[in-house]
Structures are given as structure tokens and as C-alpha cells.
Amino acid sequence: MSNWRSALIAATVGGLILLAGFLIERAPDDGTTPPTSPDSASEAVLACPAALMPACAALAAELGTTVRSYLAGSDPGPGTVVIAPAGDIPAELETGEVAARSPIAIAVWQDREGVLKTHCGGTVDLTCLSSAFGESWRDLGGLESWGDFKLGLADAAASEAGLAAWRALASSGVPAELDAALRLTSADDAELMADLLLFGTARADAVVTTEVAIAGQLQNAPGRGGRLVVWYPDPAPWVTYVVATSGGKGTDDLIADLLDGDLQSKLGTFGLRPARSEAAGLPEGLGVPGIALPDLDETKRATLLDAWNGLR
Amino acid sequence: MKPAKGGSVKRIGVVLVLCLLVSGCGEGSVRTTSGDDGTPTVPAGCREVPAAVSSEKVTLLTDLAEAFNATEPTFEGQCVAITIYRVASGRAAKLLAEGWPTDGSAPPPVLWSPASGAWGALVNHRLELAGTDPIANDSQRIMLTPLVLAMPKPMAEAMGWPEADIGWSDILALAQDPEGWGAFGHPEWGPFRLGKTNPNFSTSGLSATIATFYAATGKTAGLTLDDVGSASVGAFVRGVESATVHYGDTTLTFLDNMLKEDLAGRPLSYASAAAVEEVSIIAYNRGDPADTGAEDLTPPNVPLVAIYPKEGTVFSDNPAFVLDAPWVDDISRRAAEAFRSFVVDDPEIQARVLEFGFRPGNPAVAVGDPISPANGLNPSQPETELQVPDPAVLAALVDGWETYRKTARVIMVIDVSGSMGDLGGEGFSKLDLAKQAVAASLDQFKSEDEVGLWVFSTNLDGDRDYLQLVPPAPLQQTKTQIRSSVDSLIADGGTGLYDSTRAAVQAVRDGFDQTKINAVILLTDGKCDDDPPGCELEPLLQFLSSSERDVVRVFPVAYGADANIAELQAIADATSARLYKATDPLTIEEVFEQVVSNF
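Line order of the protein sequences matches chains A and B.
Letter 309 of the first sequence, counting from 1, is numbered 308 in numbering that gives the first Met the number 0, and no numbers are missing.
Letter 241 of the second sequence, counting from 1, is numbered 240 in numbering that gives the first Met the number 0, and no numbers are missing.
Since the hints were derived computationally from the structure, they do not count as laboratory data.
Fair warning: this is a prediction, and the values are worked out from it, not measured in the lab.
Glycine included, every Cβ here is placed at the ideal spot set by N, Cα and C.
Taking beta-carbon pairs under 10 Å as the criterion, some of the chain B residues facing chain A (in silico):
| id | residue |
| --- | --- |
| 1 | LYS218 |
| 2 | THR219 |
| 3 | PHE314 |
| 4 | PRO359 |
| 5 | PRO362 |
| 6 | ALA363 |
For each label pair, taking beta carbons as the anchor points, the in silico distance ranges come out as:
| id | chain 1 | residue 1 | chain 2 | residue 2 | range |
| --- | --- | --- | --- | --- | --- |
| 7 | B | SER379 | A | ASP138 | 15 to 23 Å |
| 8 | B | THR131 | A | ASP138 | 46 to 54 Å |
| 9 | B | ALA182 | A | ARG226 | 31 to 39 Å |
Produce the entire structure from the sequences given, and follow the hints as far as they go.
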């Protein structure tokens, strides 16, 4: 890619991030009070989980509306379109098409990745991570001062994103020594990544979470996230984000706009994969994800949640 | 007798230990000085939204509150103003758990920012035990700072810093080595001496105590009650505590004394290391341990550097809670949330947090200068965070610390001169209030502490101005006797301050015990009026500072409005201790509690 094109893309992404920040800052986060938006072209507003906020804010700006945070399982009220995992949306809302997707990925600190690669024969996958549970870094080939291997996961019982990451890790049963390694747990994937960057290697050496949550922090906190490396398990659970609404003025139009091809093509710049096409313009550091596992059935979901609750 | 206040420290049982944990006071609540009269200013017609914050971030948050208020925030047509009040974390936790007083000091806060989220967990735990809903639920981190061992650079280098991994186990080995620093080729530095605050009062003390218990187990998470009760863990913790110079309610005491000794040309004589927050090292190396922001400061000759314990450490995460308390209505809540958002979400504001030496709470702001090697710090450290134990384990841990902490050998020397009979407040004489404080403080000692009681005025025992009422002996033997002796005190005579101080220190020196904290508590409301030449200060100071190895710390309490602050400060400085002030006699119980926190 030529330098001027790189600069242009960087400037565009940077501008969108700034705009996203501007909009998010002004959006109430209680999930109940609609924001005012005198210049809105759309009469409906958008609500998204924290991990999607940068993308959603940029989309909202493009569509002339505003965005606010969406808490899993809550009713956003009339005149609101939610983009969230289907499992996080209450039954009383009308659920529509898939708007975006994100694979489960592994984010690991660069220096730890080097040691894990050596330890695991060149690949950092879930099997590799599992082999590190309960081990000290000294035994894995790293520095004694790094202490024991520490893993981060979002709460599987609190969000679909957390459940998907847990599913990836526990695909063949709860890994031995996971309880010793699991050090960072957060309510959702966005908080998980924010905590990882805030406390650094002191809190966790690696996290298993959604690619979009990783991408959000890579862009938002380049000074800290620059030391993270992303790996993709294959196959892997993917989180699908659907549109949903309880109706109200302008919601149908907003949904149509969100699913429009032009808008979908811009999702990649935020590390979000479009519903029906390949992502373009992904942030630096992201790569080729694993093949998507089939959707969970209710029995497997219950089994996974039981295992998670047993672990905690 | 004056009714007992609710601040007494109890020691028995988990519930009481929790009371104890949240009863730490540190500094009292003090209004920030925004207005000319020292009180926060609120524009006419605006609603005050009070925030109670721990002392280390008062300056920063006061600045930010002023910037926020300048935006003229309005909610539902009501303009609001955030006001910042300095309330030590432990004291705020106690007040929130027991009921915030409406006595005109700091008002009940809408926003509460202690140094550590652990305080919020303890408040909620205690409220739940009392059948009340938790109130510290909604929080966001403002900034971080890890607990470190601050060590004079030459000493750290002798231990292999910065290359070597150093931790609590090395501190233990050094503390127990009969050669002391001789084991590292520096016998002239004497034994290893540790500055560590009292975990009942200080977040740093609590974090350091957590860290030593973890270091004893080899764990970094999931500390259990069994761990805390283990004999081997107890031996490790006791070993580390044996190196303690003294305890206390604030790390500032250690840093102040280290700086004074440094500037006096004795940089390595007072403490070999102190368990403090990383941010404190930056302020110390600037020559401003209290982080006043003053200019024209003299930096220390020997800077401190940070040792990030290899076993892991605890972060002070400085949460900002918007309280779910009955006094918080919707407008106040929204205003507090908006202020919190203003502080955390804006990278430019968070860059200011970094300027103050804290690690920003917003990951968008990279950790950089002044958290840098130039200040003896390593932004890539710590490598391992220790998980804060759950409240029940935390309570047991502090209870365990009471058992393992260094034992004290203390003489309490109480002024019974005629002026102590003057009115102190609420119809009680100063002596009545002091008697109440002394009696209450006995519950803070452990039974193995050796405590004695002296009084002084003039000519109490022939020509002597002092009288030994109870010689120092284990408190389990002396407690009843001290109580009854205190009850019968009467005020009469002058203030034979210097010869009494000298005699008490000599008495402690005569029975000096290296395994104990050897100290004198000196409570006086006046100035020296010994017979000439008894009131020459310099000879007394020379006597007090004449023993470098067997230092008897003198903790003076300046009581009432007429105490001679300057001479008492000099006495404290001469023994690298700390002066306490109870200018308002009604505060003596609280102040005395802080004094006894040194043991």
C-alpha cells in the first residue's frame, strides 16, 4: 500500500474514532433516556454493547443519528434499534437480520507470545494456552518475574460474547488447571480488554475474546495495545450481531440503512466483520480468523453454562 | 465521663475486625481550600454535589472539579457544583458503614473515591452484615498506582537492582540476617529497617500486608482462611514485620523522616525501605513528599527507587463510586456521573493524571513520564498483580497481622499540669478528655505490648517533675492498673517537659529491646517551664538523637491551643518520629488513636 493511501486511511479511521468518541461521550449510558439530536436525519436512535461502540458511533454519525450503550437483556425502549448478539436481546423485542459478526480470537502480550510460540511449537492456539494453565513462566521458558500464566475471560453467564469465548476454551471440557490460570474476569468483552490494557501483564498474559473487542482497544489505546499480538483459533465460535427493535418511528428505515451494502463495507475499519461479505480495511494486527463453528443448541449452551458456573 | 465515641478499635471476631478495618481514620475529614475561608465554593443558586476523596488525589481532583464546574453543568435546569473534601479512605469507609455524621465537617458524599476498591467491598460487606443494602456498587477507576518498596538507590543497587528480581522473601532474609546490610557488603548501614503503615488505617499498609501474606504462600490469587492461619505463613509475616521501624497511619511519616535525615546528611540511617504507592516516590524525589506542588524544593541527595516485589503486588485502583445512598437523588447522581466521566473519559484530562504521577485509568493514555527510570520507576512493572482477597479473608488477614506485627514497648507520658484542668470542650476539662483518650487507646494495643504510664508536671516526686505510675510491662498485666491510674489523675503544677521527656526516654533506653518498637508518647498542652537551665532545647535534642542504633521514638501530642508546636516538632524530628496535633481538645481521642497506630 502506498504511503499516501496509508495516510489517508489512517486519517479517515482517526477521524471516525474522534467522531465516535465525541458521540459516545455525549450519549447517556443508563440505557433508558433517549439522547437529543437536533440535527438527526433519522428519527430512531442506535443502541450497541460496549465492544461495538466505536463502530456504532461512526455508523450513527454516518446515518445522522446518535448512539447509546446497550446492556445485555435490557429493553431499549421505543424508537431504538439495537445491534447486539441475539442471545443478549430479550424475547419481547423483534429480532431481525444479522448486521455484523466477530470471531473469537486470542490476544497475548508480545513478549509472552514469543515464549508461548517456542513452548508450543510455533502456534499459539487454544491447546497451547491450555498447556500453560497452572504453569509458571519460568517453566514455560519465560522469566521468573512474570509469575504464573494468567488468563482473562469475560463472564460467560453475562453475555453472548463471554459465552462464545468460554465455548472456544471449553470445547473439549474444562481445561485442567484453568481455575489456577483464570485471573481476569469482566462483565463483558469490552471491559475485559480495557482491564487488560489498564493493568497490563500484571493482570493477564492473554485473553480469549471477540476480535472486535480487541480491535477497539488496539485503535483506542495504541500506546498500550501495540504490544498485543492476535491469534485465531480454528475452528472458532463467531458472535453474530443482529438488529432488533421494539418498534417506533424511524426504526424500519434505520434498520434498512444499517444493512445497506455501503455501510456494511465500512465495518471492517472497526474490526467488525460484515454480515455477508469479507471485511475490508481491517485494523493492522488483525488477520484471518478460524472457520465458524455451528450455532449452539440449547443443550450445549446449558452444559457450557453449568461448567462455567461450576468453575467460578 | 464523656460518652465514648464510635472510633474505638476492636479486635475480636470477623465482624469486629471488619469494624476495625473500616474504622481506620488516617487524617480527619478536611475541607479543600477552594474558597478564601478554606471551604469549597458553590455558586449562588447551584446545588453542591460533595465528593469525598482520599488525600493523595485531593489536589488533582480539586483542580478538575473547578474545571468541570467552569462548564456550568446543569441538570433538569438545576446548576450543580462538585466540591472536593479530603477524607482518608479508612475513615470514609467507617463513616459510610456506620452513618455519615452531620456535624458540619465533610457532608455526606455523592461521589466517593478511596484509594482502593477494597474499601468499597468492605463497606458493602459490613452493610450487608447489618442487613442494609450495599451502597458502593457503581464505580469507575480514575487512576492506578501499584504498591512498591521504596528504597534508597544505593541500598537497592546493593541488592542487585535494577537487574535482580527482589521481593518480600529477600526482605525477610535480610531482616533476619544477623549481619544486616553486612550481608551485602555494607555493615555500616546497620540492620535492615522497614517502614510499613498500619493496615487498619492506611491503604498502603493494607496492601503491603496482603502482599506479605501472599508472598508467604507463593500464591498470587485465591488466598484462603487456611493460608492466613497457617503456621509457616505466620512465621514469614512475623519475620518481615520484625524489621519494621514503627507503623503509623500514613506513609508520609516515613517519607518526611527519610527526607529530613537525607537533608541532614544521614540518608540511609532511618529506614532501608518503605512500603508506599509508586506515586509517592515521584513526589519524594522532587523533594515534596506531601505532594504540595510547592516550588523551590530541595530534592534528596539520595533518591528513592521502586522495587516491584517479585511475588507480585497490589494496585491502588482509585475507584470513583457514585453511591447508592439514601441522600443521593437523581440530579446529584447524574452530576456525579458526569464529573466522573469528565475525569476518566477525556484523554487530555487523563494526561493530567499522569502528570501527577498516577497511571491513567483510561487505557487510551499510555503510561509514560514521570513514571520512568529517571524517577527510579519501571512502567513495565509490576509483572504480577495480587488478587485482593474476599472480605472475610481480608478481615482474618488483618486479625493475623495483629498477632504477627512487631511488639511495642511504650511509655505514655501524660501532662497533668494545672492548665490541663482548663475546659477542653463540651463541659469536660482537657485532662478529662485526655484520660478518656488514653483509656480508649489501650484497646488498640495487643496484650504482648509492654505499656507503661508516667505523668509529669512539677515536683511530683520530690524534686522530680515526673512520676512513674505503671512501669512498662505486657499490657495483659498492666491494663487494669493503667485504667485505674488514669482515672485518678488530677491537674496541678507546672510543665516540667524536658527533664520528664529525658527521663522517660532514658527509662526506655535502659530496657531497650531490639525486637520491639521502643517509644515514648508525650502528651502536653503547654511549653517547658522546668527550673533553669532545664528548658534549653538543644541539649535535650542532642540527648534524644545521641543513639543511632537504639533509637527511642518520641511521638509528641501537641494538645490544645497553647502547646509549643515548634519545640514538640523538634523533639519528634530528633528521634525520626512524628508530631501529632490535637489543637481542638475534642479531637484528642481520634488523634490518640492515630498515635497508637504507630504500634
